[in-house]
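Protein chains: 2
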Amino acid sequence: MDRDIKGNTRLENCPLTYSRNMIGGKWRLPILWAIRQNETLRYNELKRTVEGITNMMLSQSLKELESNGLIVRKQYLEMPPRVEYSLTVEGEELVDHLRALARWGKRMQGLQGHGGVE
Amino acid sequence: MDRDIKGNTRLENCPLTYSRNMIGGKWRLPILWAIRQNETLRYNELKRTVEGITNMMLSQSLKELESNGLIVRKQYLEMPPRVEYSLTVEGEELVDHLRALARWGKRMQGLQGHGGVE
DNA sequence: CAGTATCCAAGTAGATACTG
DNA sequence: CAGTATCTACTTGGATACTG
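Chains as they are written, first to last, in numbering that gives the first Met the number 0: chain Z, 0 to 117; chain W, 0 to 117.
Misleading hints may appear alongside valid ones.
The list makes no distinction among identical chains, and a pair is therefore deemed to hold if it is satisfied within one copy or across any two copies.
[As the list claims (entries may be wrong)] Pairs of lysine-lysine residues, derived as BS3-like cross-links and limited to a Cα-Cα distance of at most 27 angstroms, are as follows: (1) 46 - 62; (2) 25 - 105; (3) 105 - 62; (4) 73 - 46; (5) 25 - 62; (6) 73 - 62; (7) 5 - 25; (8) 73 - 25; (9) 5 - 46.
These are computed hints drawn from the structure, not numbers from a lab.
Computed from a predicted model, the values in this text were never measured in an experiment.
Working from the sequences, and respecting the hints, build out all of it.
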């Protein structure tokens, strides 16, 4: 987290805020996860795999992930059309960090007694 | 991320979703960060340190963080009142994971060329 | 198959004022 | 000092229908 001259916590231009924005929103993480499990997935495969997502949210999220350099979109000029999505190296790194976070979450879920989950 | 029998990605009861909820919202992370830098902080110190936060959001976020077992609230029965917040062991672990994520974000910010940030 | 467009509902956060 | 309460504004996501 960034801090200004007075040592205060700022949100702007902070690498952590940046990382967090990368996985912000409801669907980006599930999408990354799904691609990771399958190496590469087509649009409709993603739609089936990520439960409950709409076309709207899927295509929007994919665009964001792509423009953020976490996934690549490969379009084959065939008929019927075919588009495949896979992770970039950076995307894989991110997922690895998140895996660590998930392990921590799993241990936390085990403890709970500390006050429960909201 | 959890997957169901068909191997699909589910959001419920997923440790990663859990971890993510812990740092959800705009202010929890800045608050954790601020406490981490100072070992322990009083309410009004937090208010000054976390730029732009309102009483409303601060007290609400503090409650959530406490009930999630990430921070402890210690109240001294003095006049004027005094309340100090500090991280639990679990809270410190979380911040460490996030530090790793921040380092990754910093490298990503350096690359950028991949398509820029939204 | 792989998306867009539009419009609406819900969830989150901010402003402001007040209290033990 | 350390918070609550209320009411409003904004941001996100969902439903539905349509297209190259």
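These are the hints, each one checked on the structure:
{"no.": "1", "hint": "46 - 62", "verdict": "within (14 angstroms within a copy, 37 angstroms between copies)"}
{"no.": "2", "hint": "25 - 105", "verdict": "both (20 angstroms within a copy, 23 angstroms between copies)"}
{"no.": "3", "hint": "105 - 62", "verdict": "between (30 angstroms within a copy, 22 angstroms between copies)"}
{"no.": "4", "hint": "73 - 46", "verdict": "within (17 angstroms within a copy, 48 angstroms between copies)"}
{"no.": "5", "hint": "25 - 62", "verdict": "both (14 angstroms within a copy, 23 angstroms between copies)"}
{"no.": "6", "hint": "73 - 62", "verdict": "within (12 angstroms within a copy, 46 angstroms between copies)"}
{"no.": "7", "hint": "5 - 25", "verdict": "between (34 angstroms within a copy, 21 angstroms between copies)"}
{"no.": "8", "hint": "73 - 25", "verdict": "within (24 angstroms within a copy, 34 angstroms between copies)"}
{"no.": "9", "hint": "5 - 46", "verdict": "between (48 angstroms within a copy, 14 angstroms between copies)"}
Violated hints are absent here; each numbered hint is respected by the structure.
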